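Can you build the whole structure from these sequences, using the hints too?
Read top to bottom, the protein sequences are chains U, A and D. Here this note's numbering is used: the first residue of the first sequence is 1, the next is one more, and so on. Here this note's numbering is used: the first residue of the second sequence is 1, the next is one more, and so on. Here this note's numbering is used: the first residue of the third sequence is 1, the next is one more, and so on.
Hints listed in this document are in silico derivations from the structure and should not be mistaken for laboratory results. The model shown is predicted, which means the values in this text are computed figures rather than measured ones. Be careful, since some hints might not be right.
Computed list of chain U residues with no C-beta within reach of chain D, every gap over 12 Å [what the hints assert, rightly or not]: (1) Glu124; (2) Gly133; (3) Asp218.
Estimated spans, in silico, between C-beta atoms of each pair [said to hold, decoys possible]: (4) Gln344/D <-> Val18/A: 17 to 25 Å; (5) Asp174/U <-> Phe350/D: 37 to 45 Å; (6) Glu75/U <-> Ser339/D: 46 to 54 Å.
Note that CB positions come from ideal geometry on N, CA and C, so glycine has one too.
One-letter residues, chain by chain:
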Amino acid sequence: MIELTGIRKAFNQGRENEYWALNGIDIAIDAEKVTVLRGPSGSGKTTLLTIVGCLSRPTAGRVRLKDQDISGLPERFLTEIRRQTFGFVFQQFNLVRGLAAIDNVMLPAYPCGLPHGELRGRAEELLAMLRLGHRRDSRVEWLSGGEQQRVAIARALINRPQVVIADEPTANLDTALSREFLGILEMLREQGKTVLLTSHDPLVVEASVVDRVIGLRDGRIID
Amino acid sequence: MKPPGNRAGNAAFALLAVALAAFAATWLDAAVSRDRAAARTAANRELVAALELTDLCLFTEARYTRHPSQADLHTAFQDHPRALEHFPSGSLLPPPAILTEHHGRLGR
Amino acid sequence: MAAWVAKQRYLIDYTVASLLRRKGKNLGLLVVYTLLIFMLASVMLFSHAVRREAAQLLEGAPEVVVQRMVAGRHDLVPGDYLEKMGRIRGVQAQRGRLWGYYYDPVVFANYTFMVPVAEAPQAGHIAIGEGIARARRAGPGDVISFRSYSGRLFELTVDKVLPAESEIVSADLVLLSESDFRAFFGIAPNLYTDISLRVANPKEVRKVAQKIADELPDARPILREEILRTYESIFSWREGIVLVLLAGAILAFAILAWEKAAGLSAEEKREIGILKAIGWETSDVIKMKFWEGALISLAAFLLGYAAAYLHIFRFSAAFLEPVLKGWSVLYPHFDLAPSIDGLQVATLFFFTVFPYTVATIVPIWRAAITDPDAVMRA
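Take a look at the structure:
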């Protein structure tokens, strides 16, 4: 579903602190499967994630999404594709403080101009699915870590994306909550979503729900 | 906490609606009081003609602030040739147009 | 179309929620902005209304007034000047006017004493303006004492008070008979303060004035059009206090706008990064910020303007009193005819709403075009 060929990414290019995060990546992410990118910090997995999810562009190489080359698209179209295809769950959750959970969930769909009732209904469904219905109107800074993550997941799903991307989802969770997260993963896979994660948590890497593990080190694939 | 359908934006619309209503009210008021104001202005103009008045009674501090249209180049310096303006209203009134336009005999 | 409206409403939802998060600061901002507009609009409405009032009322002023100047000071006009005026071609009628100033030490106020053209009060009686009635708390039937320069006390009875509605021209007037006037000021029978003329052909007015100036070198004619022009630039923005007021307001706006444009806090930058990361385009972020500036400035403008209207036309420009009153004691009750100059309103709108809205957008420009992956690394 997603193909990357010859991906290289550099930061501070041309300057003395030039740093190559990715040094030639070729992978294909299968649809409706759960794929995990494993590797130590500095291996480039977060960078790879942002390129797959159209949050940034590679310095070299091509990205194909469902056989369409999206590497060269202008920002406008890229954002449109990103919004429709990908849902992101950040490591730090990155929820907007001061807003209620349901407002945070609806946020990514604001630019789409859906009728308010419909959008709100969708958000409430997602919160209910993740067992957060009772926290609908609570401000997100008052929620626990696990609850915040579930709000972040609901937010990632509001535009009904095909691909869910999560960066180190269990990094801030204890074992119990991590297992809960794996349960959510199962649910997503059952719904036919494609999931891409980064993690160095053995609990995730060795979980049964994971279909494929790709190892990264120093910006290259090692598995 | 927040009842559904109570969007934050609605508060802004409510405020704007009030503000717009107040704004519209001023135009309405101006239109409504136009006739009464016209009658008053007509009556005052008749008084001006009847009494042969030459100025509005705005500032009663000095001769040239009370009757600015009658002032000449010298009245502002009536006390002393180098007297500075000491009436605040002098800063609100420019010298009469005739003085700044042409200077005939006697420095009109 | 419906989607576009829905989208704008969502953007407004977000921006209002964002404003409400810092309620105190943003409410204060709205209040200050409204006050600024209130001040500017008050001055604008007042000066426009007074100018218009002057233009309409002083149409009734005499066509020509002739003064006499001696050594740069106004001097009394001898009676034979009247005859000389009468002989000038184009002059239809001439009248010697009697008027002067009187300082009342009881209330520290200046009055204008005047002998009216017709229906002068009988000797010993006066008609007074509403301003004097207020200052001396006098009404019909009351007696007011005036001390003449000779030291003699004149006790004059008030017959009537001039209509309150005419205060703008009559607040400080004392109308009295010619005999009382001459006795009070010690002016000989054949002397006048100045002369008013009526001209046969209004188009010839300037020529007549020129002839007068030629024939009588110490005469100074003043035309009605010159009287009207004196009031055309009253309270103009180029004059003294008004200029200072305007400069102050502009500076205040500049500070408001600069504070907005000076940059974002880390929190604000983070928020914009999040919005971009979850799928908002640069243009969406900018539109959202536009609504913030537009909503605040629009609300402030409408409220400030409405308050200014109320202030000037229903509360007699009360807040302007300290500025306008100056050293005078008598302050007329302004009952101005509400008149709104659409062009001025539009100008005020353009120069206040527009810059503020732009200033709100400027600082987020850079943040809005940043790549969202910076959020990942934050």
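Hints versus structure:
Residue placement check: Glu124/U keeps its beta carbon more than 12 Å from all beta carbons of chain D (closest about 17 Å). In this structure Gly133/U is separated from chain D by more than 12 Å, as the shortest Cβ-Cβ distance comes to about 21 Å. With a least CB separation of 18 Å from chain D, Asp218/U remains clear of the 12 Å interface cut-off, as annotated. For Gln344/D and Val18/A, the Cβ-Cβ distance of about 24 Å falls inside the hinted range of 17 to 25 Å, so the restraint holds.
Checked against the hint of 37 to 45 Å, the pair Asp174/U and Phe350/D fails, with Cβ atoms roughly 59 Å apart. At roughly 52 Å, the beta carbons of Glu75/U and Ser339/D sit within the given window of 46 to 54 Å.
The structure shown violates just one earlier hint, number 5.
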